[in-house]
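Novice: From first to last, the protein sequence lines are chains D and G. Just so you know, we're using our numbering here: the first sequence kicks off at 1 and counts up by one. Just so you know, we're using our numbering here: the second sequence kicks off at 1 and counts up by one.
Note that these hints are calculated values from the structure, not bench results. It cannot be assumed that every hint is accurate.
Stated by the list, open to error - With beta-carbon atoms standing in for the labels, derived distance ranges:
hint, chain 1, residue 1, chain 2, residue 2, range
1, G, His18, D, Gln125, 53 to 59 Å
2, D, Ser311, G, Asp65, 49 to 55 Å
3, D, Lys260, G, Asn209, 33 to 39 Å
From a predicted model like this one, the values you see are computed outputs, not experimental measurements. We treat Cβ as the ideally placed atom computed from N, Cα and C, and that holds for glycine.
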Amino acid sequence: MQTTGAETVAEHRPVASIEAVESGLASQGYIASRQIATAVYLSEQIAKPILVEGPAGVGKTELAKAIAGWRKLKMIRLQCYEGLDEAKALYEWKYAKQLLYTQILKDKLGEVLGGAATLHAALDQLHDFGDVFFSKEFVEPRPLLQALEQPGGCVLLIDEIDKSDAEFESLLLEILSDFQVSIPELGTIAATVPPTVILTSNSERNLGDALKRRCLHLHIGFPDSRLEERIVESRVVGISQVLRRQLVAFIHEVRTLDLKKQPSVSETIDWARVLVLLQASELGHDVVRDTLNVLLKYESDVEAALPHVTSFVAKAARPNVFGSAP
Amino acid sequence: MRENLHRFFRAARGAGVHVSPAESIDAMRAVASTGLSDRGILRDALLLTLAKSEEEKKALGACFDLFFSMPEPQRGSDAEGTNADAAEATQGEGASGEADASDAGLGPLAQMLLSQDRAAIAAAIATASGAASLSDIRYFTQRGIFSGRILEQMGIQRLNDDLEDLTATNPSLAERLSELTEGLRETVRDAVSQALLLYGREEAENLRNEILRNAPLSRIEPRQIEQMRALIRQIARRLRDRYSKPRKRQRRGHLDVRRTLRRNAAWGSVPFLTAWKRRHRDRPKIVALCDVSGSVARVSDFFLLLIHSLHEVVSDVRSFAFSGQLIEVSEILESKSAEEAMRDIMSRVGFGSSDYGNSFADFERQWMESVTPKTTVIVLGDARSNNLDPGADILRRISERAKRVVWLNPEGRMGWGFGDSEMPRYATFCNVVRQCATAQQLERAISDIVATYR
Numbered sequence: 001m002q003t004t005g006a007e008t009v010a011e012h013r014p015v016a017s018i019e020a021v022e023s024g025l026a027s028q029g030y031i032a033s034r035q036i037a038t039a040v041y042l043s044e045q046i047a048k049p050i051l052v053e054g055p056a057g058v059g060k061t062e063l064a065k066a067i068a069g070w071r072k073l074k075m076i077r078l079q080c081y082e083g084l085d086e087a088k089a090l091y092e093w094k095y096a097k098q099l100l101y102t103q104i105l106k107d108k109l110g111e112v113l114g115g116a117a118t119l120h121a122a123l124d125q126l127h128d129f130g131d132v133f134f135s136k137e138f139v140e141p142r143p144l145l146q147a148l149e150q151p152g153g154c155v156l157l158i159d160e161i162d163k164s165d166a167e168f169e170s171l172l173l174e175i176l177s178d179f180q181v182s183i184p185e186l187g188t189i190a191a192t193v194p195p196t197v198i199l200t201s202n203s204e205r206n207l208g209d210a211l212k213r214r215c216l217h218l219h220i221g222f223p224d225s226r227l228e229e230r231i232v233e234s235r236v237v238g239i240s241q242v243l244r245r246q247l248v249a250f251i252h253e254v255r256t257l258d259l260k261k262q263p264s265v266s267e268t269i270d271w272a273r274v275l276v277l278l279q280a281s282e283l284g285h286d287v288v289r290d291t292l293n294v295l296l297k298y299e300s301d302v303e304a305a306l307p308h309v310t311s312f313v314a315k316a317a318r319p320n321v322f323g324s325a326p
Numbered sequence: 001m002r003e004n005l006h007r008f009f010r011a012a013r014g015a016g017v018h019v020s021p022a023e024s025i026d027a028m029r030a031v032a033s034t035g036l037s038d039r040g041i042l043r044d045a046l047l048l049t050l051a052k053s054e055e056e057k058k059a060l061g062a063c064f065d066l067f068f069s070m071p072e073p074q075r076g077s078d079a080e081g082t083n084a085d086a087a088e089a090t091q092g093e094g095a096s097g098e099a100d101a102s103d104a105g106l107g108p109l110a111q112m113l114l115s116q117d118r119a120a121i122a123a124a125i126a127t128a129s130g131a132a133s134l135s136d137i138r139y140f141t142q143r144g145i146f147s148g149r150i151l152e153q154m155g156i157q158r159l160n161d162d163l164e165d166l167t168a169t170n171p172s173l174a175e176r177l178s179e180l181t182e183g184l185r186e187t188v189r190d191a192v193s194q195a196l197l198l199y200g201r202e203e204a205e206n207l208r209n210e211i212l213r214n215a216p217l218s219r220i221e222p223r224q225i226e227q228m229r230a231l232i233r234q235i236a237r238r239l240r241d242r243y244s245k246p247r248k249r250q251r252r253g254h255l256d257v258r259r260t261l262r263r264n265a266a267w268g269s270v271p272f273l274t275a276w277k278r279r280h281r282d283r284p285k286i287v288a289l290c291d292v293s294g295s296v297a298r299v300s301d302f303f304l305l306l307i308h309s310l311h312e313v314v315s316d317v318r319s320f321a322f323s324g325q326l327i328e329v330s331e332i333l334e335s336k337s338a339e340e341a342m343r344d345i346m347s348r349v350g351f352g353s354s355d356y357g358n359s360f361a362d363f364e365r366q367w368m369e370s371v372t373p374k375t376t377v378i379v380l381g382d383a384r385s386n387n388l389d390p391g392a393d394i395l396r397r398i399s400e401r402a403k404r405v406v407w408l409n410p411e412g413r414m415g416w417g418f419g420d421s422e423m424p425r426y427a428t429f430c431n432v433v434r435q436c437a438t439a440q441q442l443e444r445a446i447s448d449i450v451a452t453y454r
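Using the sequences and the hints, build the whole thing.
Specialist: Encoded structure:
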């Protein structure tokens with residue numbers, strides 16, 4: 001705990017450059033493309049949230065974790081779902097505690113009111129009393145309010161915003177643009193240190209323009225083979241270079257097929273781990289056949305891919321024209 | 001650079017990316033913090049701040065590449081990027097260059113051309129374009145005017161005078177100069193064409209779409225069909241955006257006693273949890289009967305394309321095509337691409353002479369039960385039944401079962417009831433009869449139908 005003080009001082013220095021972001025994320029095992037690094041750098045520079053869109057499993061949520069790990073900030077996560085509302089996302093009054101306290105303070109209440117000469121005086125005293133119960137003491141902060149109250153700043157991840165209702169978006173607008181929330185009884189609570197906000201979306205529905213306007217819009221697609229090889233290298237321990245190259249080449253071939261769910265980076269990593277566990281040193285026809293269900297999540301997709309396995313394996317085994325990636 | 005960025009924003013709007021003032025401020029701030037040294041990073045920064053969807057990113061990326069690839073002056077071998085900073089610098093240079101030029105008495109433009117200073121020429125073009133407000137170019141017909149204006153700004157007048165003088169005194173130099181002048185004209189033309197591509201796109205697109213929207217669907221030319229399909233898809237997207245928003249659930253209202261009691265059965269029906277009555281809103285159910293004979297076929301084509309791209313808005317569509325007889329075509333439309341599906345439908349029932357009576361009878365016999373009190377029945381046709389039995393009584397029975405019957409007629413109102421048109425007779429049993437000949441009318445018709453379910 002002694003070290004945290006020193007760290008909080010260190011981490012508030014602004015990020016120096018895009019390269020610094022890249023290497024910082026890499027230290028967390030997150031290999032970022034330059035576009036991702038630019039987005040993170042810019043969000044820091046002009047204090048804007050990042051809205052990350054892209055297919056499932058390309059590392060949208062991972063990005064937030066990597067930033068939190070790198071900048072040594074606490075990560076607060078708000079998972080969105082249909083029906084998520086203010087009480088679960090922002091704040092809630094602790095009703096039970098309020099009730100309990102009134103019960104306990106019943107005698108005290110009599111004492112306080114007993115001193116009042118007139119009804120008006122009693123009412124005045126009661127008004128003062130009421131304010132006690134609607135104070136910060138009795139506010140239960142939910143993720144959004146928690147994020148604003150972190151003294152050292154934090155990474156706020158609003159995950160799968162497209163799953164929430166359209167009304168919920170409007171709730172976010174104040175936080176995203178000004179980093180503050182208004183609670184009618186307490187006034188406006190502004191962030192001590194603006195949190196780094198990452199929103200992720202799978203484009204299940206179109207987000208409102210107002211929300212998009214307040215964010216940097218980052219689209220993460222499937223990485224190119226070079227980047228993907230680097231990702232596999234950093235994530236999977238003990239994978240040989242040959243297997244890595246073949247595996248990535250194979251997956252890139254699979255992505256050209258018309259599938260229900262394209263294998264994304266997380267599937268690549270899972271598959272690489274499986275292959276390492278099976279102690280495969282090279283991509284073979286049989287191994288691929290046996291483990292294809294790690295890569296493809298639908299029976300129909302597996303069936304669609306099976307006839308191509310032989311040719312894809314052969315293609316992947318062929319040495320790269322440009323030489324294997326370093 | 002600010003000026004350049006502003007021009008870029010305008011070009012971005014032309015490319016169909018919505019750049020609001022707030023976004024342009026963000027982009028400015030982003031560019032200020034990343035700097036301009038790396039083109040790739042500048043591109044990323046602009047893409048991140050301005051484009052808000054994948055399509056916009058693609059459009060903006062293309063726009064960026066176009067914007068920052070200035071046309072090179074003729075005979076230029078090295079691709080030297082120019083920007084406004086250079087342009088401002090060379091304004092002064094042009095004046096000073098006059099002094100040390102060997103060919104005394106020639107205008108600055110002639111000297112610039114003869115010295116073959118490509119960067120200076122490009123810069124001069126850029127400044128002249130700015131002075132001629134080239135970024136206001138909207139239509140391709142304006143190309144000549146703008147080229148002229150730019151050349152004028154650069155001093156073509158003086159250059160022509162010089163040329164005339166030189167032909168008398170120094171023919172070889174004159175020849176060279178006239179060659180160079182031709183090159184300059186070409187370069188300017190290229191610059192103007194590029195500017196048109198950048199800034200004029202939106203206007204041109206809008207104009208074309210406006211014309212297309214109001215063109216009669218039955219008479220559009222074959223080459224426009226693809227454009228029309230794109231337009232229909234755009235309309236579908238707009239309708240989807242407008243009507244597919246999740247409807248707000250009603251939280252308060254009357255107590256639903258039955259559900260409350262059931263929910264609280266565990267507590268001996270002491271109502272701890274309350275349940276409220278909700279107004280249930282249906283999604284539209286549509287049964288579409290489309291005449292695919294003769295002139296109506298094309299309208300039906302676009303209509304079916306539109307109605308089948310509204311999945312998010314419409315819960316259930318069943319479409320039927322008829323001319324002499326009637327068949328269900330929902331599956332064909334769902335499983336095939338627009339062109340193939342239409343070809344398939346046409347080969348089955350298309351291009352006969354239409355027989356409304358028989359077709360309605362087919363429908364009543366086989367599919368009448370698909371019409372429920374929640375269904376809107378849309379009939380698309382010109383109601384010309386070739387003097388055969390119109391089968392209006394069947395339409396009456398359909399109308400009694402359905403929520404609404406809407407008749408869309410591609411013919412103008414003037415023609416209704418003349419010749420073999422049975423429109424007035426059918427109209428009695430329809431809730432709405434409207435003309436539907438253009439894409440715009442089609443959009444309004446569908447929009448109204450969907451809106452009645454709100």
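Novice: Each hint should be assessed against the structure and marked as holding or not.
Specialist: Hint check results:
1. G:His18 / D:Gln125: 53 to 59 Å: Once the Cβ atoms are compared, 57 Å apart, the range 53 to 59 Å for D:Gln125 and G:His18 holds.
2. D:Ser311 / G:Asp65: 49 to 55 Å: 35 Å, violated
3. D:Lys260 / G:Asn209: 33 to 39 Å: Given about 35 Å between the Cβ atoms, the range holds.
Checked against the numbered hints given earlier, this structure breaks only hint 2.
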